[in-house]
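If you're matching them up, the sequences are chains A and B in order.
The letter at position 42 of the first sequence is residue 42 when you use the working numbering, and the numbering goes up by one with no holes.
The letter at position 38 of the second sequence is residue 38 when you use the working numbering, and the numbering goes up by one with no holes.
Warning: the hint list may mix true and false statements.
[Unchecked claim] So the derived label-pair ranges between C-beta atoms look like this: (1) A:K274 <-> B:N112: 36 to 44 Å; (2) A:K274 <-> B:P120: 18 to 26 Å; (3) B:D108 <-> A:S208: 32 to 40 Å; (4) B:K93 <-> A:L63: 37 to 45 Å.
[Unchecked claim] Below, simulated EDC-like cross-link-like pairs (lysine to aspartate or glutamate); rule was C-alpha separation at most 16 Å, straight line: (5) B:K164 <-> A:D219; (6) A:K245 <-> A:D223; (7) A:K227 <-> B:D162; (8) B:K57 <-> A:D223; (9) B:K187 <-> A:D268; (10) B:K164 <-> A:D223; (11) B:K133 <-> B:D108; (12) B:K93 <-> A:E217; (13) B:K92 <-> A:D223; (14) B:K166 <-> A:E217.
For the record, the hints were derived by calculation from the structure and aren't laboratory data.
We treat Cβ as the ideally placed atom computed from N, Cα and C, and that holds for glycine.
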Amino acid sequence: MSATMLAQEDKLSRAQGLMTSDPAQALQIMDTVIQHPQTKNDFYTWTIRAYIYYELYKKTEKLKLHSAIRDSILSSMKTSTELKPDSEAVQNINRMYKSLAIGYKKIVKVLLEDSLNYEGSLEAFNNYKKLLLKIEPKHNFEADDIEYNLTVGSFFSNIFNEDNKKTRAGEIAKVALLKVLELQPTNSSANLNLGLMYYNQAANLSKSLEYGADFTEIDAIQDNMIKLAKQSEKLIRTVYDNDNKNTKSILALYYIYRMLVDTPKFEDFKKKCKEMNLDIGENKPAATEENQNNPQNKDK
Amino acid sequence: MNFKSNTIFVRLVKRLKSLNTYLLLLLCLISLRFQQGPSSFDAVSKNKAIFIYGFTKYFEWPEDKKTTNFIIYVVGKNDNLVAELKKLASLKKVGDQEIEIKNTTLIDNNINPHITVFTPENDIKNISEMAGKMKSKGSLLIAETPGACKGGGAGINFLYIDSKLKFEYKEDAAKKAGLKTKEDFKKLAVENY
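Could you put together the complete structure from these sequences and hints?
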């Protein structure tokens with residue numbers, strides 16, 4: 001072995017020794033190793049470089065959707081793979097792919113919860129899938145798709161339920177929940193969330209009506225309200241039919257049948273609510289849900 | 001060349017496995033946490049209150065009833081409707097008259113209302129009795145009992161067609177109560193008697 005080769009090996013060992021304690025310093029060393037003619041075509045060099053970048057990434061950029069360090073890890077792993085690595089290096093590269101994929105999943109959560117960034121979360125989720133496919137080309141993403149869309153659906157339906165003017169949130173939630181139902185038609189959470197969205201939207205239509213509304217306007221609102229309530233009933237009924245002890249579905253159906261003025265079913269679910277000690281707010285006046293405005297100038 | 005940092009990778013993988021489980025749990029928790037319940041808002045009562053207020057635009061009450069508060073009297077138990085009417089009263093007037101809401105379970109003959117609303121548990125007999133007593137006293141009787149218009153003396157009777165709130169109308173009952181009606185009101189009713 002030549003002296004220059006030994007020198008490069010030595011650099012590599014130093015870089016490895018520094019990778020956890022001082023990855024920035026380790027990278028400086030690696031920059032010379034990857035340029036040296038005797039080591040630049042060695043898969044090992046590039047795998048170590050990827051790993052050092054990974055250490056740096058963990059410390060500084062693991063929650064970034066767009067990370068130059070992550071890009072460097074990926075490009076180093078790509079180069080290593082092109083240089084025909086041995087089986088052990090392949091295993092280690094695959095582990096890094098997996099860890100980066102999982103990192104994207106964490107970013108999904110952060111982007112949704114902290115910044116309501118749906119597009120970003122979708123990008124992170126798709127990147128998660130792309131990286132996982134590199135190591136598991138036949139991976140079935142159905143469970144992941146359900147989990148992701150359910151999270152998005154629950155998150156944005158909540159925003160929409162709180163304020164129906166946030167129609168974009170409503171649209172995102174509907175698309176996500178419908179995707180879940182496409183994959184798993186009996187999924188309780190998706191049926192319940194989408195059903196509640198429709199029902200609450202129906203209730204809000206009535207809430208938003210002015211007391212001075214004319215009969216034509218109220219007629220149109222009633223049409224929409226009933227259409228939504230019927231859509232809601234269908235979805236929530238699926239949940240109840242699969243599990244007749246599901247308290248959320250029982251409570252929702254009680255309110256839906258009240259809205260649809262379906263007295264026999266309303267009475268039936270009222271009885272079920274009472275049997276299960278569910279709070280149906282019989283003593284609460286309906287108007288308490290809204291703030292009681294008392295303007296000085298009343299409308300005539 | 002041996003891969004010297006293999007043990008580091010083993011540790012890394014262990015950490016990642018636990019992280020993956022943690023993330024899965026976290027996402028499940030997020031989706032559960034944001035599952036809201038159904039709104040308890042009673043849309044049917046709100047719609048009824050809007051209808052009742054809408055009726056006031058089509059009738060004229062006797063002169064002696066134009067100086068007092070405009071009394072809407074609910075006979076029977078319907079907390080949601082009473083609450084909606086009270087909210088309506090806080091926001092609207094009938095002409096220059098303040099709206100006042102009264103509610104008793106049984107009929108109170110001491111109350112002199114402009115509109116009397118009978119909840120569904122009131123039978124035709126109750127409504128007919130009230131209609132007799134209120135003759136020419138300027139109270140529009142609104143019921144929600146089958147046949148209340150046709151044979152029970154109510155001026156207006158609520159009913160539901162395909163879950164939609166509608167009403168039927170008996171002009172003669174309103175006239176007997178001493179009210180004047182706008183002609184176009186009939187067109188709004190699903191049935192006129």
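Outcome of the hint check:
1. Checked against the hint of 36 to 44 Å, the pair K274 (chain A) and N112 (chain B) passes, with Cβ atoms roughly 38 Å apart.
2. Checking the proposed 18 to 26 Å range against K274 (chain A) and P120 (chain B) shows it holds: the Cβ atoms sit about 20 Å from each other.
3. Restraint check, D108 (chain B) to S208 (chain A): a C-beta distance of roughly 35 Å satisfies the suggested window 32 to 40 Å.
4. Judged by the Cβ atoms, the range 37 to 45 Å given for K93 (chain B) and L63 (chain A) is violated: they are separated by roughly 58 Å.
5. Of the pairs offered as hints, the one joining K164 (chain B) and D219 (chain A) holds, with about 8 Å between alpha carbons and a cut-off of 16 Å not exceeded.
6. Among the hinted pairs, K245 (chain A) with D223 (chain A) is inconsistent with the structure: their alpha-carbon atoms are about 31 Å apart, more than 16 Å.
7. The suggested pairing of K227 (chain A) with D162 (chain B) holds, with an alpha-carbon distance near 11 Å, which does not exceed 16 Å.
8. Between K57 (chain B) and D223 (chain A) the CA atoms are separated by roughly 23 Å; this puts the pair beyond 16 Å, and the hint is violated.
9. Between K187 (chain B) and D268 (chain A) the CA atoms are separated by roughly 36 Å; this puts the pair beyond 16 Å, and the hint is violated.
10. Restraint check: the Cα-Cα separation between K164 (chain B) and D223 (chain A) comes to about 7 Å, which is no more than 16 Å; the hinted pair holds.
11. Proposed proximity of K133 (chain B) and D108 (chain B) is supported: the alpha carbons are some 11 Å apart, at most 16 Å.
12. For the proposed pair K93 (chain B) and E217 (chain A), the alpha carbon gap of about 20 Å is over 16 Å, so the pair is violated.
13. Taking the CA atoms of K92 (chain B) and D223 (chain A), the gap is about 25 Å. The hint is violated against a cut of 16 Å.
14. Taken as a hint, the K166 (chain B) and E217 (chain A) pair is honoured in the structure, with Cα atoms around 13 Å apart against an allowance of 16 Å.
Figure legend: structure checked against the earlier numbered hints; hints not met, in rising order: 4, 6, 8, 9, 12, 13.
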